[in-house]
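Engineer: Chains as they are written, first to last, in the working numbering: chain A, 46 to 456; chain B, 46 to 456.
Rather than coming from a laboratory, the hints here were simulated on the basis of the structure.
Here the structure is a predicted model, which is why all the values come from computation and not from measurement.
Any given hint could be a false lead.
No copy labels: a pair is met if it fits in one copy or bridges any two.
As the list claims (entries may be wrong) - Lysine to any residue pairs mimicking SDA-like chemistry, simulated, CA-CA at most 25 Å apart:
no. : residue 1 : residue 2
1   : LYS335    : LEU147
2   : LYS224    : PHE456
3   : LYS335    : MET163
4   : LYS345    : GLU174
5   : LYS321    : SER117
There are 2 protein chains.
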Amino acid sequence: MPEFFTLIPPDEARARWFDALSVAIKAETVAARDALGRVLAETTYSPEALPAFRRSTVDGYAVRGADTYGASDALPVYLEVVGEVMMGRLPEVAVGPAQAALVHTGGAVPEGADAVVMVENTQPAGPGEIEVLRRAAAGENVIQVGEDIRPGAEILPAGHTLRPQDLGGLLALGITEVKVARRPVLAIIATGDEIIAPGTPPMPGQVRDINTYTIGAQTQLAGGEPLPVGIVPDRADALRAAVAGALARADGVILSAGSSVSVRDLTATVINDLGKPGVLVHGVAVRPGKPTILGVIDGKPVMGLPGNPVSAMNVYRLFGVPLIRRLLGAAAPARRTVAARLAVNGASAAGREDYISVRLRPADDGGLPWAEPVFGKSNLIYTLVHAEGVVKVSLDATGLYAGTEVEVELF
Amino acid sequence: MPEFFTLIPPDEARARWFDALSVAIKAETVAARDALGRVLAETTYSPEALPAFRRSTVDGYAVRGADTYGASDALPVYLEVVGEVMMGRLPEVAVGPAQAALVHTGGAVPEGADAVVMVENTQPAGPGEIEVLRRAAAGENVIQVGEDIRPGAEILPAGHTLRPQDLGGLLALGITEVKVARRPVLAIIATGDEIIAPGTPPMPGQVRDINTYTIGAQTQLAGGEPLPVGIVPDRADALRAAVAGALARADGVILSAGSSVSVRDLTATVINDLGKPGVLVHGVAVRPGKPTILGVIDGKPVMGLPGNPVSAMNVYRLFGVPLIRRLLGAAAPARRTVAARLAVNGASAAGREDYISVRLRPADDGGLPWAEPVFGKSNLIYTLVHAEGVVKVSLDATGLYAGTEVEVELF
């Protein structure tokens, strides 16, 4: 069995694979309001100043700060009220010495004024007059022109994944369209003579396709677009035709290969037949997921996932998700992790990365929660359904003792 | 100014609001393959055993375990090979004493056999015969019927948010449709005489609408469906008509109110006019976000958000997101948090929850990263664009010292 003669550590396998890809970010223009979760294809700069006019941050009176110097309850300063600034309009008044203009939160500060006294710090005096009871220093309660962002300033860099506030920042400047990376399309091919579509009643010996849907959902969450191709029989000609067709339509091809050695060898042969450099990695030092194939055909990535759905998801998390982020030109998505204590000893082997599915149980002592491994053979999908996350046992560890503090990556 | 006579702590405000809602989860049936991120409306149970037949986990020979007792390199056990199990079919052979059948990973284990010897632990002997070099105990390398999940077992509880592996678990059992909670529709009304749509060139004194889009995006991420109503002028009749119309079409109404006191009072009046119990909370002990209105009209939630976009997003994260999860019948979404050290002193006031926007900087000493507050007035949207998360200063604290370990909730 030459296929696992050398198992390659995961980080090295990923680097070898990525180095052989030709990645060109393809941009498309979308409405900023619909761009949540998309990745910017170019660095964006502010076309104008925000705010475009001086705005009050409070309800109060626009004044010349110097006029209020020394104001107190005991010694109020008297100012003439020359008008009110209406929302949505430029002020029709200017504020001269010993004058004030009523202004609302968000309203424009009139010419001549340089501060706003909060209405709570004033009281009506005679007709058209107020008493100011507290000093307002120059600039107080005023947002200056361009204080939020200046014209020409960088808004967000290329590769940034847009969040709700980023849409707000863009739209506030009138940027209603943005250039984002087109979602990479990943064709997903399920192979296996025993595999049937989930809607079909199985005959004895047949099992329903899972990987098309779990891998498709992982693809979506990472920002890619899954292209389910369907189920292909375990024959070289059928597989070759399916992969060639998928390569023409997609940015990469994911094969959920059958699990037996002969079928994995078939996958490798087909990848090598279809273009250069072909298979780069065949066997990774990771559990679950050892029988992983990483290849490149004429610049496009091709992956052979283990058929077992648990291994397939683990491998796709380790290689497929970073691939998608790379094809998007994006930084890796933030991982959701929690600190926990391992509830039982976790065995591993030196030279292999192990991933243990766990669920979390609150600790009676109020400390870190316990991470309890989910019992069951590693190829049962319900070990993942019943898990909340995974704990990694690193390459150089031979296991983790019960009680060890671990980082749980949540699903 | 009676509006903030009593500021209510956030947790109490939320409880008072939720208690007055009438929440009925509305279910709809969707294809399981399209149900990623949806919330189950009912507990699901397994209709059948998975797997439905005994499966081999390796490539090898199905045997009677007892026949291999004592097998070793020095003393191999000889077995007659009676056939091969084809993938996707029930075995055409049975395994009798001193017999074996070739079986592939995932293939059915034939009648009579109770274990599978890995092919690596065998070697060909004469024609139709193998040597077994290692013992296989009964059950070894075999997944039993129902070992993944048994018929009638609970799959996932109502209220569970479906992840990629959950879709796999459902589809593996032939469950191609699921009942999920319909996404709650939240109407979003922007008010303010100074507010214009982002695509319109602003006149002096006007500003572009942000909140419709930031709140809409937060709604989407939480599992709700935003219904943007548009911009309504600051007049009681216009606002009343808009809220009444939105209530008829949506499961709740979010008003992004103008920021001045008079406009907030208008919002409260309109909510009280339209039905019972009306306004329940007017002013919350939180910064940013104090001028928050929480109301209920005939069982449906109505929120008055502060007009300032930073306050609006903070308040929506504290009240709107939990509201959506409640309307879905879901557990709160997992928060993404990281531990960090506060880089500078953070001031607060006892009796008020403060949220400080921060970005993270790796620490030179290899310890926890530094959480650096983003400089700027609290109502500038770019303080959120430039931030990676928020740090909460709890109600009873008067601030946090530099160096304090804090939890950063990532955006």
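Engineer: Does each hint hold? Answer for all of them.
Structural biologist: Now for the hints, and whether the structure bears them out:
no.: 1; hint: LYS335 x LEU147; result: between (72 Å within a copy, 23 Å between copies)
no.: 2; hint: LYS224 x PHE456; result: between (30 Å within a copy, 22 Å between copies)
no.: 3; hint: LYS335 x MET163; result: between (67 Å within a copy, 16 Å between copies)
no.: 4; hint: LYS345 x GLU174; result: neither (75 Å within a copy, 45 Å between copies)
no.: 5; hint: LYS321 x SER117; result: neither (82 Å within a copy, 44 Å between copies)
Hints 4 and 5, counting from the list given before, are not met by this structure.
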